[in-house]
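Student: What follows is the residue order along each chain.
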Amino acid sequence: MNESLASSQQQPAVGANRPPALLINNIEVIYDHVILVLKGVSLEVPEGGIVALLGANGAGKTTTLKAISNLLRAERGDVTKGSIEFAGERIDRMTPNDLVKRGVIQVMEGRHIFEHLTVEENLLTGAYTRGDGRAEIQKDLDKVYDYFPQLKERRNAQAGYTSGGEQQMCSIGRALMSRPKMILLDEASMGLAPQLVETIFETVKRLNEEEGVAFLLAEQNTNMALKYAKYGYILENGRVVLDGEAEALSRNEDVKEFYLGLSSSGRRNYRETKHYKRRKRWLA
Amino acid sequence: MEILYAFFVAPFVDMASDPIFFSEVVIGGVLTGIMYSLVALGFVLIFKASGVFNFSQGVMVLFAALTLVGLMEHGVPVWLALILTVMVMIALAFAVEWIMLRRLVNQEEIVLFMSTIGLSFVLQGFGETVWGSNVKLLDVGIPNESFEVGGILLNEFDLFAAASGALMVTVLAVFFHYTRMGRALRAVADDHQAALAVGIPLKTIWIMVWSVAGMVGLVAGIMWGAKSGVQFSLSLIALKALPVLILGGFTSVPGAIVGGLIIGVGEKIAEIYWGPLVGGAIENWFAYMLALVFLLFRPQGLFGEKIIERV
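For the protein sequence lines, the chains are A and B, in the order given.
No gaps in the numbering here: position 245 of the first sequence is 245 in the working numbering, and each next residue is one more.
No gaps in the numbering here: position 291 of the second sequence is 291 in the working numbering, and each next residue is one more.
Just to be clear, a hint being listed does not mean it is correct.
[To be verified] In silico DSS-like links for lysine-lysine, alpha-carbon gap of 27 Å or less:
1. A:Lys-143 / A:Lys-205
2. A:Lys-101 / B:Lys-203
3. A:Lys-81 / A:Lys-143
4. B:Lys-203 / A:Lys-181
5. A:Lys-230 / A:Lys-256
6. A:Lys-139 / A:Lys-81
[Said to hold, decoys possible] Here are some, though not all, of the chain B residues that point toward chain A, as calculated from beta-carbon distances under 10 Å:
7. Leu-196
8. Val-198
9. Lys-227
[What the hints assert, rightly or not] Computed footprint of chain B on chain A, listed as stretches where at least three residues anywhere in the stretch have a Cβ under 8 Å from a Cβ of chain B:
10. 109-116
11. 231-244
Honestly, the hints are just simulated from the structure, not real lab data.
Glycine included, every Cβ here is placed at the ideal spot set by N, Cα and C.
Could you build all of it, start to finish, from the sequences and the hints given here?
Tutor: Right under this line is the structure:
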């Protein structure tokens, strides 16, 4: 499935009227000098947009996010080709510290909260790169508590002992404390009850609308991601195989077939989908 | 029966019969314990922030003391020599980051540990090449008079050491819990990837902890050096810090203090009341035995961070 949805490829920007804040141009990522993980991925996220990055396990979603936030280097990964730009500036050689200062921050998969710090201390570490004084930081802390009232109740609890949902909120809240322009949110729905997933995504939406934070969502939960994103890219084996407006993607037969488990003949079970997918790949 | 009495009753009878002597023993133990804690603290700091067991901490103590004495021998006044030594220790932290840590990012813990062994040899050789390897006397003007309070003999120097130890611990505790940097240090200790992701630069953190560990080493070096002279064997007190760490936990600042006190007091009491029963010299191995017992029953130490596992 290498065709792109017709209209999208030609238009330069996703929102058409807004310039892309993040522009990834044909990057290749190699781990440990030998393992080729991304084989030319291009995508863009407009200012204040929500974009979904979809795909199965091992498709390269997390690697793409880490290439942007440059956490890759700490795992012996390297962007060997292509370029990454944020707000018109090349960022592919910058340290995560520089990137956070410029407003790009990643919320890692698996939450990664600081277990032995309290919830509030966790949030405060997010403000590390800021130099605008306690009053401003306190203001943002209140704002985070406003978005996640549950965190306020648990502010003095050791973060390692909070629930999975609270940890996910904590790690998003922590990113918010850096006053980001763009959050790279990796598998926010992983291991959470459906209702909590809904809550998290509703908050993402609110943050996007009220604070103007752009989101790049790496998700396996395709349904949920396409519901909240405006645009989506589908990765397979380190390549973008399909992209388009979220609505168009969720109507696309292939996407329905492969990622949503639906087809024109109604819901299919997993085995049939798998079979169909394999056949389709051979034909492609 | 008699032997049981000698081991389990007689020592306590002795303690009770001469409480003044007993309290002298305990106080002596507390003061030695604080000196152990000073050395252990340096280990804890680096281990907490980078997960590296810094084998060279003992040599850092020696190196700091050597530098201080060396400068003073060249006629530099004490206060200036102190400032210069602090600067040397900070420079050392930069050098360690630049030459060693930066190049070993992502390596196994054992590799980092080995590199600190290497560092200890380099530092020791460098220190002795520059300042000479003969035994030096360190006198920074700490008073060293003995006096009596309520029949208990006390020593000004020991009290001074205790006070500076306590001060340092307080400062560190405040630093770790109430400052931005301190919080960042603890964050790095918990999850360095996540710390990187929120924009905490690991390099700065490393330089920071190695500098602090260097300064803690300097304080320990001054105390021990003034007590027993500055020479190679100074670096061996690091070995005494190991049981302290096992007792207190590798990741806990208060643990290093309490562990030091337990070991200091424990070995003094054991030496004086039980020593004669087994022919003396308990002081030398008591700490290690205690550490072994702890390893069996509480491997994370008294205050070590529990491994949090949610079910």
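Student: Under the criterion that the straight-line Cα-Cα distance not exceed 27 Å, is the pair Lys-203 (chain B), Lys-181 (chain A) satisfied?
Tutor: holds (25 Å)
Student: Starting from Lys-143 (chain A), check that the Cα of Lys-205 (chain A) is at most 27 Å away, please.
Tutor: Status holds; Cα separation ~15 Å.
Student: Given Leu-196 (chain B) as an interface hint, is the shortest Cβ-Cβ distance to chain A below 10 Å?
Tutor: holds (5 Å)
Student: Residue count check for the stretch 231-244 of chain A against chain B: does it reach three with CB-CB under 8 Å?
Tutor: violated (count 0)
Student: Taking 10 Å as the limit, does the beta-carbon of Val-198 (chain B) come near enough to a beta-carbon in chain A?
Tutor: holds (5 Å)
Student: Does Lys-143 (chain A) sit within 27 Å of Lys-81 (chain A), going by the straight-line distance between their CA atoms?
Tutor: Given pair Lys-81 (chain A), Lys-143 (chain A) is violated - Cα atoms ~40 Å apart, limit 27 Å.
Student: Between the alpha carbons of Lys-230 (chain A) and Lys-256 (chain A), is the straight-line distance 27 Å or under?
Tutor: holds (17 Å)
Student: How about Lys-227 (chain B): closest beta carbon in chain A under 10 Å, or not?
Tutor: violated (36 Å)
Student: Count the residues of the stretch 109-116 of chain A with a beta-carbon closer than 8 Å to any beta-carbon of chain B: does the count reach three?
Tutor: holds (count 5)
Student: Lys-101 (chain A) and Lys-203 (chain B) were given as a pair; does the straight-line alpha-carbon distance stay at or below 27 Å?
Tutor: With a Cα-Cα distance of about 16 Å, the restraint between Lys-101 (chain A) and Lys-203 (chain B) holds, given a limit of 27 Å.
Student: Holds or violated: Lys-139 (chain A) and Lys-81 (chain A), Cα atoms, limit 27 Å.
Tutor: Judged against 27 Å, a Cα distance of about 41 Å means the pair is violated.
This entry does not satisfy hints 3, 6, 9 and 11, going by the numbered hints stated previously.
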